[in-house]
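For the record, the sequence lines run as chains A and B. Just so we're aligned, residue 1 is where the first sequence starts under the working numbering, counting upward by one. Just so we're aligned, residue 360 is where the second sequence starts under the working numbering, counting upward by one.
No wet-lab data here; the hints were simulated from the structure. Since this is a predicted model, take the numbers as computed values, not measurements. All the pointers check out, no bait thrown in.
DMTMM-like, lysine to aspartate or glutamate: derived pairs with alpha carbons at most 25 Å apart:
| # | chain 1 | residue 1 | chain 2 | residue 2 |
| --- | --- | --- | --- | --- |
| 1 | A | K77 | A | D300 |
| 2 | A | K77 | B | E539 |
| 3 | B | K446 | A | D249 |
| 4 | A | K77 | A | D122 |
| 5 | B | K403 | A | D300 |
| 6 | B | K403 | B | E512 |
| 7 | A | K39 | B | E522 |
| 8 | B | K446 | A | E54 |
| 9 | A | K39 | B | E417 |
| 10 | A | K153 | B | E539 |
| 11 | A | K39 | B | E477 |
| 12 | B | K403 | A | E295 |
| 13 | B | K403 | A | D43 |
| 14 | A | K153 | B | E428 |
| 15 | B | K403 | A | D49 |
| 16 | A | K284 | A | D322 |
| 17 | A | K153 | B | E472 |
| 18 | A | K39 | B | D505 |
| 19 | A | K39 | B | D400 |
| 20 | A | K153 | B | E467 |
| 21 | A | K103 | A | D85 |
| 22 | B | K403 | B | E477 |
| 23 | A | K39 | B | E512 |
| 24 | A | K77 | A | E110 |
| 25 | B | K446 | B | E467 |
| 26 | A | K153 | A | D113 |
| 27 | B | K446 | A | D49 |
| 28 | A | K153 | B | D468 |
| 29 | A | K284 | A | D265 |
| 30 | B | K403 | A | E75 |
| 31 | A | K103 | A | E65 |
| 32 | A | K284 | A | D234 |
| 33 | A | K324 | A | D265 |
Far from chain B, some chain A residues (derived; all Cβ distances over 12 Å):
| # | residue |
| --- | --- |
| 34 | G21 |
| 35 | K103 |
| 36 | L108 |
| 37 | L125 |
| 38 | D132 |
| 39 | V139 |
| 40 | L181 |
Every residue, glycine too, gets a C-beta built ideally from N, C-alpha and C.
Take a look at the letters that make up each chain.
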Amino acid sequence: MNENTKLSRRTILQAGAAGLGLLVAGGCRRKAARHEPGKLPLDSRFTYDVSPFEHTDPALLLYAEAAPIPTGFAEPKCIAVDSHDLLYVGGDRAVKVFGPNGKPFPTLYELPDQPRALAPADNGLLWVAMQDHLEAYRVTGERVVAGESLGEKALLTGLALAGEVVFAADAGHREILRCDLQGRVLGRFGRLNSGDGNPGFLVPSPFFHVLYGADGLLWVNNPGRHRIEAYTLDGHFELGWGRPAMQVDGFCGCCNPVYFARLPDGRFVTSEKGLNRIKVYDAKGVFAGVVAGPEQLVQDRALARKACADCRIGFGFDVACDSKSRVLALDPATRAVRVFTPQAPPPDQHKPPPVKQAP
Amino acid sequence: MKRRDFLGGWLRGAGWLGLGGLLAGLTWRRARAENTVWQIDPRKCTACGRCAIECVLEQSATKCVHAFELCGYCQLCTGYFEPQPNKLNTAAENQLCPTGAIVRTFIEDPYYEYTINESLCVGCGKCVKGCTLFGNGSLHLQIRHDRCVNCNECSIARACPAEAIRRVPARRPYLYKTREGSA
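Just chain A, with the same shape it has in the complex (with noise of 0.2 Å):
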């Protein structure tokens, strides 16, 4: 090896190092420049702040949760719970069945499209809302209604039954469908300044239910105007209760509450978006106290923005309850049922009630 050979070698190796040196250095440089602070932070009016209200006071909890239920779907929908408890899913394309236990049941109800809502009838028919139409499955999973079309513009997403009558809410209308068995529109109510008398429902997301009650009375819940209202079976407004409040009396942001259910005595279970909360009100639509608040129900941000599927409209935990006053929520975050149970009330409230005094 001459001395030529040996120099060339350390100069290209030394070289190499410089090169290296000077690579990682400017990398450096570089990254340092990314961190490195533009014009002055945005002060706090700049801040949209809702975190005051996303504690819930633990003496207004009325409720405990359970082991939840997994539903197994990518997409879970809607939920309802039938006379003997038995909770039915929907979601994908496919209706699941689980006993009052979270059992699953085998039977499935395999369905040509999403459902959107759900309605158990006690002769053993499924009626499932599609996006346009109405349909009814035996529990053998044969379709025996597939009712007609409802227009382009429709977007079925509530369901009740009242005897011979089934009641749609068409978020895509904005009004409450009245149809028979086979799914045919028999008459319609409760478009704005339609003329018939109603206030008019307000439904600016897709969040429109309706609800049949044990005192005759059609429910409904009107987004736009913060309320829970009540019609007869003609259509014809009744009553409504509710109020426009980001405290937990009142139904928070834009457009709530956007799922209901009732208990077994009466009482609404409400369930908002935006600020998810899940809350009881007596049936005269007093504030009662809370199921769960957002703070429980939404612990992972991040799973929760990606469960919002085109991450335009805010979710919500569609509810349903059974005959123990158990208050069922789908979370479409974690793609489970929420299980709530009713906490044993306080010692006081076991006290009997005074002895009035004779005058």
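Since chain A is already given, all that's left is putting chain B on it; use the hints.
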């Protein structure tokens, strides 16, 4: 051939190749930059507020835009009103936008239209957060190309924590929200 000559030849060749590659890369990048512009993907944007402060312009090129076909025209718009307004009127204390850049116009009972005054909008995204959290998310942020200087390396894109800013073809410079998603 000496080892020194051999290595020298290789080094010279590699140098010319590197120089050629660098020139080709720069030319390609320049051509690419001329045909594309920066834009915010509203599906990824989290309205974090960085657009308002990271843009090299004194007033950010990012502005709020309104997809009217998605809007619910709500009386209580959560993109316009503070979370707990005193009243549903246009009084400054009830407005969410710190610069008063949203104009509320009565349409018919109970509907209101909301439009953006872009000269006042700083692109902070506060209204976008309110609208997305509670409403339909019709308010969203876009880079306005009558203002954007189309930097080679967009400083907002560099700072965006959601990596929501990317280059789009200049012939379709906006990613507006629509009923189907983003167009």
